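Since the structure of chain X is provided, determine the placement of chain L on it from the hints.
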Amino acid sequence: MKEQLKKLTSIFDKAIGAVRSVQELEALRVEFLGRKGKLAEAMKELADLSDKERKEAGVILNALKEKMLLRFESQKNSFEQKESSALAIKEWIDVTLPADAPSEGHLHVTSQTIAQIEDIFSHIGFMRSEAPDIDWDWYAFESLNIPKDHPARDNWETYFVEDHERSRMVDRGESKMGKIVLTPHTSNAQVRELEKGNLPIRLISIGRCYRRQSDVTHSPMFHQFEGFMVDKGISVTHLKGVLDYFAKAFFGPMRKTRLRPHHFRFTEPSFEVDISCGICDGTGVVNGVICRLCKSGWLELGGAGMTHPNVLKAGGIDPKKYTAFAFGWGVERTLMMRAGTRIDDIRVMYQNDLRFLNQF
Amino acid sequence: MNILVSYNWIKDFLKTKVSAEEFSRHMTEVGNSVEHTQHLGQAFEHVVVGEIIELKAHPNADKLRIAITDVGQSVQIVCGGVNLFVGQRVAVALPGAHIRWHGQGGLVELKETEIRGVKSFGMICAPDELGFEKLQQSERVIWDITNLTDAKPGTSLAKALDLDDVVFDIEVTTNRPDAMSVVGLAREAAVAGLGEFLWKESKASKGRESKDKVSVEVLDKKLCPRYQAVVIAGVTVKPSPWWMQARLLSAGHRPINNVVDVTNYVLHELGQPLHAFDADRLDGGKIIVRRAKNSEKIKALDGKEYTLHDSMLVIADAKRPVAIAGVMGGEVTGIIEKTTRLVIESANFEPVSIRRTARALGLYSDSSSQFEKGLSTEATAPAINRAIELICELTGGHVASCIVDSRAMRYKPKVFPYDPKKVDELIGVTIPATRQKEILKRLAFVLKGSQIEIPYWRDHDIENSVDFAEEVARMHGYDNLPSMMPTGEIPFVKRDPWLTFERTSKEALAQAGCVELYSMSFISQQVLEKLKLTDGDAVRVVNPLSEDQRFMRPTLLGSLLEAVEFNQHRVDVMQLFEISTVHRPRKNALPDGCRRLIIAVVDRDGEFAFRRARGLMERWGRAVGVPMLSVEPNSTYELAHSARSAEVYLYTENPERVGFLFEISSEVARRFGIDLRVAVVELNLEPIMTAVSAHKSYTPPPEFPGASRDLSFLVDRRVTYAKLHCLLCSSHQLVKEVVLVDVYQGKGIESDKKSMTFSFELRSSDHTLTSEEAEMAMRVVVEKLKKTFDVIMR
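Taken in order, these protein sequences are the chains called X and L. Note that my numbering has the first sequence beginning at 32, numbered continuously upward. Note that my numbering has the second sequence beginning at 191, numbered continuously upward.
For reference, chain L alone in the conformation it holds in the complex:
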């Protein structure tokens, strides 16, 4: 969470001489990262106070006028502002100034120019053109500074409006809402050695016993541990003085009126949100802190109506809710010009309830964001006192009631044991106990023997003695710590075999020319249906960001086909693979995570794709040491082309089916919008991995020469290679190897036949084969072939 904070404001509470750059660096080192630094003065160079002396019509443009303006000397400026008047004080950007055209885009250097034929020496600025977007009222309304300054025309605007400041954009960690404030940051800076911390709590207002009182009733003390309120009467609501507006602007707030501005000012200064009600519009003069009724409605200050739920806390009057507690006030009791009596609320709300309410309503405010981090019940009093001080000063009002204070329980500061040696051990260097204690004291920790008492503003974030090590270390400076390699025993852990298998698999496939995909693990209902899966097959996500994240994928096929569709318009040949875990639901247990490999070959020629996919599978298998993968035709797989589908078996003693090899059916292709042929292998890697052997052993080349013979024959087209090959291999003991040389169908051959040529390697292990022996063996082979299949030898 970030806070914009003015250096001048910090300096109200920090006596310092360090430059903004040094401040940024040190604050970042102690944990309050300064992400940006903006020097306001630079933004206002060549911008001066001007006074309009005379207004004339523009000869060539209805919407423009010529303003003769005193900027120390009289100049002529063409201006489109609708709210110009003679005697008005305005901000004039002279040539050389850097402004933001119509409040948009980057800074542009202004030059002397001619607008529609009339010379213009500079520009009369609207607030957004000078970076004050929050002051912008509407289009073509220039910034009227008549009431903001008495400075002479020609005075620099920065000087006239006291804008010579630096604004830091600081990231404060979520555990430190106390540092989300000017005072909190000033304290951090002081401990970091950047200056002296000057802040003092405002004097406690005693309040006033009078008839004018506010009745406060807290019905849910769990969600509202503390509620303070006070009535201020005799108030005149009007715009705040410029100094306050300028500070709110630097903090990113829009100035509204002197009452609302004070609540925002105190929030920014102390980190405690406040709220102001119009006391006269609180029905029954009552404040009741209670849970909302179901379907109760409230119109908030943002002008929108919200429907509430009984888990939400509201501030109500006798009749209706008047604020969503800690989130936003209601419109009916908001501060308006006629308001003269106020109730100021300074309360503490339970953080989780605030967060859930804001989230449920989609309504976030500076107040809710601060409360949801967890604030101390003790922060309400300093804030209400500061608010009373400022409101009385700015509105002419006076305290008209006692300060009501409703508490759930008495406050007891937290205490934890502290041992400087433990701090040293964890950090790794010795920081003298005196130095440690000095740091802790300056952070307002109270040392009591071997115990430390926590200041109230840290009572949510300090939870343990180990937290003291962090406080000491960050103030000591991490940069000052040496960087050391850990010594000691290196644990021997056997590398997870899966990680080796995964890595060699990926490398083998990439080396074989495949491109690795990384797809989202999610899958939509729609894609599940395209793959003929039902939602019972997949792990369902309760809260997806979009429909395509509805499930966790139970297969790698869907994302792969989507990738094919995505790329097919640019390339028509692809070799793709992905290795990842897919998930199957299990009752009352973690989902079943299965490691999968998918390989796909995409081509215009489906038969080629099919055979190449198988080839890639086999090459991968050899590379990673898979003993053997065999395929069996299977025409029942519903996603497959019925004539181009096979099951893949791990060839062991008990062959186990480990996946499918198939061309996707035309129906599946159509569903995914794919125009090309896609052959796929999807394998379960777990059973395969267990059969892998990383050890390779050597077989010597044959000792005695053998003989080679070829055989060509015609056979029925549908007799598979696998069957023939199996027969030929086992047809004679001298046959050691049978390789398919050629398959031919077409011209010169009957249409239901194919011609095949096999090459045989015959060999004996104990003598050189004679050609007679080879001929004899081949005769046996041919006989067996003829007996089993209807073949015609060629």
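This is chain X alone, in the form it adopts within the complex:
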């Protein structure tokens, strides 16, 4: 038996020395170490030996198996090393070539801004809704305490929809709803919401508006977001709280707001809301020169105020029991004021130029 094993060893040594590929190596492995391989054969023969001989031969056989395994392992490693260095030459690529990315989509910056605004307000319980962008005069003006002869109701500032039959009815005073207009603000959501009769209200209405103006800061079509809160005991201090929260969330924690008395028909008191300028940190001066972006450290965000009692009445709410505040600002304007946006002409936003769209 010992002799036999010695012979086996020398055959193995010779054979493994002659192996030239991984495939040959694998074949050799099967030949010696496979289930029906030479070593297994030898193992079977052990059964015929005496106890003592079997023990001795068993030790040798195991040592031989161990040795073979090691040889196979090291031989395999050396083959793999050779192979991979061959691949490194054959499959060399320029890893600095430009990437091949899947084509990239873009949400319009207005969509992105609207989503941000919606999310900020939802954290403090303001639910978003939408009101029609083509609406009755009643919701856009009349119910908002805007008198019939107010300039905003002239065809100079607001777009009207043609409907001859309707116009005749309105002229005859037969219609509470009045003419049809392209709404110039999102405030048409206010009385629509009040009419639903569910109190209290925390509403953020975001939508499309139209005004007959076109220049660097005005697009005939734009978007507004309208905050509207109705509850018992709502006061100016609450309006300040909500505006401060929004300003910090949207513009950054260091920014401050300021209420400046102003005049709107559907609020009393009314304010312009200013935000401290992000360029000059509210100082009005950058490197000793007057800041070009703001007015003395402040930027005008938009209008706000305590809802006029007549508006609450128009929506069927008793202004003696409930008070409310509202604010309505331009989405684009608010975006343009965020430091770093650098959009200096609002009209570029709606030209569908891919060179613009692909930047957001």
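Calculated directly from the structure, the hints in this document are not laboratory data. Predicted model, so just to flag it, every value in this text is computed and none were measured. For glycine and all other residues, C-beta sits at the position ideal for the given N, C-alpha and C. Just so you know, not all the hints are guaranteed correct.
Chain L stretches covered by chain X per the calculated footprint, using a threshold of three residues with CB under 8 Å from any CB of chain X [stated by the list, open to error]:
| # | segment |
| --- | --- |
| 1 | 671–679 |
| 2 | 734–741 |
| 3 | 747–759 |
Chain L in isolation, oriented as in the chain X frame:
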């Protein structure tokens, strides 16, 4: 609306020591936003009075002269002014001064220089070079200040002409025409605690009973609730003294003559517009306030002729209109040098009529802008008295008539209830009643028990008790109010499912590589026609700014194709989408707003574009939970390539058509100037949205292994995949999935045939499939295929 106002002028009525900066800040806080502050003194540094001693020709330039000028010492200045003379006093900018070259551009620092070989020490200035554009007469005319000052040469110009002033540019809210005046702003400042309010009304002129009278007849008292007039005789018309000119300049007015200047001065000081007529040129010595006759004409003071309408109010004499009431005077009765007798008008006009008249004529003036805000009938008297005082002082004239006063009705001050507690509730903090009342009193509100009487100059803007809260709060200071989060119940409202659907749709499409468009909601007649739509299909806008705003778009296709055309010169591959509401007209109702999605794939290869567009639609559908969208060929859609057009169905129990999938026809492409192939999906989102299910449920992977088989065959080119797929799927119960692996047309295959390879997944739900079972099933499939279509197996 903005007003330019001199701080010195305000100080006539406000005893104050606060700096201009502090004034600006406080005024802004109480609602009169100071937008700019200009320190005039700084603009005149190194600008001095000079006197011309000698004039010499320039050796190298015909249009230039050398002026030896005394500026405290004698210097040589090269000057192109045509109106120079020896002994003339001029404004000289010395080196170091900041001037505006020829009245244009930014400020430039002046340096000692050489002009065409001659040294020039400074510059003799024209008015516009010093910021007085309104004084500029014509090119190359320098500012002659000989009659404006006696100051010694070398005196600083600011001192000589009393220009050491600050001019504020203040935004006044439209409800406060009373604050569009020097006195109004001084009152606001005083209440804001910036000083003591000193203004007193001018003494009422009694007028004079005499033969010299003016007859005033007001025929339309609705449009003219009050009209006051007085005759002033013995007037000498000439330029106003410099102090008045300087103030008018600071206010942005052009000085004209001492009469017109006074009317502008009083307008600026008190906010009440006035007008002066040449009394001798009023036909019949009469003033008739009436509506214009249709097509009546008037030549206004701006030199232009206006055709009037019977909705407009005019001031007429016996024969013709002599002024467009409240808007502008007429030329024939304007003040000229020869005028010696005047009629001064101080009147009140109905605001809406003024606004409409100004707008209809395209003629705006400081007067019309002030009237259209709504003025009190009681403002006319203080103004006419102030005008009488100033005109008599400046023109040497005297009052020659009684003051005519025509009123529609007696004045009754407005009164509203006032409760300090209500004010506190609305503001959110307690402001002691004594403090509240003090603020209101200083604003000239009169407290009468629990009522407040409104001063006349606020009678258009105070409409309600709630207005008192604003007056108290703004003077108390909004900065002093705490910022508090509202407490109380958070209302539970279900989120509008559309908003969720819109947002997930947009995000899914952007993630799939599409760029979102935002187009104008408008559409032009021209684009409607390109899309074979008529104007009955779209909501018409009555008053568009331009023709491209004539209608509201009834489809998203037009703006999308315009976007493709706009971008095609820079990129030839695009994936675009837009989600928006389009509008369809309805009779006597709000337009029908339909929510739409459009996806477009633009490419040189139309077939690729078509299949990619469909792929994007399906990917979007899966992402947002649309059950299934199927397409049916349809060659009748008129905007589509007739062989590349399909209807899209929402695959439910009753399949509903929800849109179209098509390549645009070459004709449509040509109309929009598009050179590329464009495949489009336009879908109605409302029916789709109702079928969407946000809930996802789990199907476990198959329990038993199945088998895969492939099938290749030749078939007629026009047999659609859909038909084949439908047949193959239902051909045997073990067939669970059929996927198209390859389609081939071309070399080696007859031209009217195509080769197709499908891969089949066969499976049983209760045991492991044997290969015999799979073979049997495939034989059935092949038989059915052969029976239905003319196929050759490969």
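> Counting residues of the segment 671–679 of chain L that have a beta-carbon nearer than 8 Å to any beta-carbon of chain X, does the count reach 3?
Replying inline: holds (count 8)
> At a Cβ distance under 8 Å, does chain X reach at least three residues of the segment 747–759 of chain L?
Replying inline: Since three or more residues must qualify, the claim that chain X covers the segment 747–759 of chain L holds, with 5 doing so at under 8 Å.
> With a Cβ-Cβ cutoff of 8 Å, does the segment 734–741 of chain L contain at least three residues near chain X?
Replying inline: holds (count 3)
Violation of the numbered hints given earlier is absent; every hint is satisfied by the structure.
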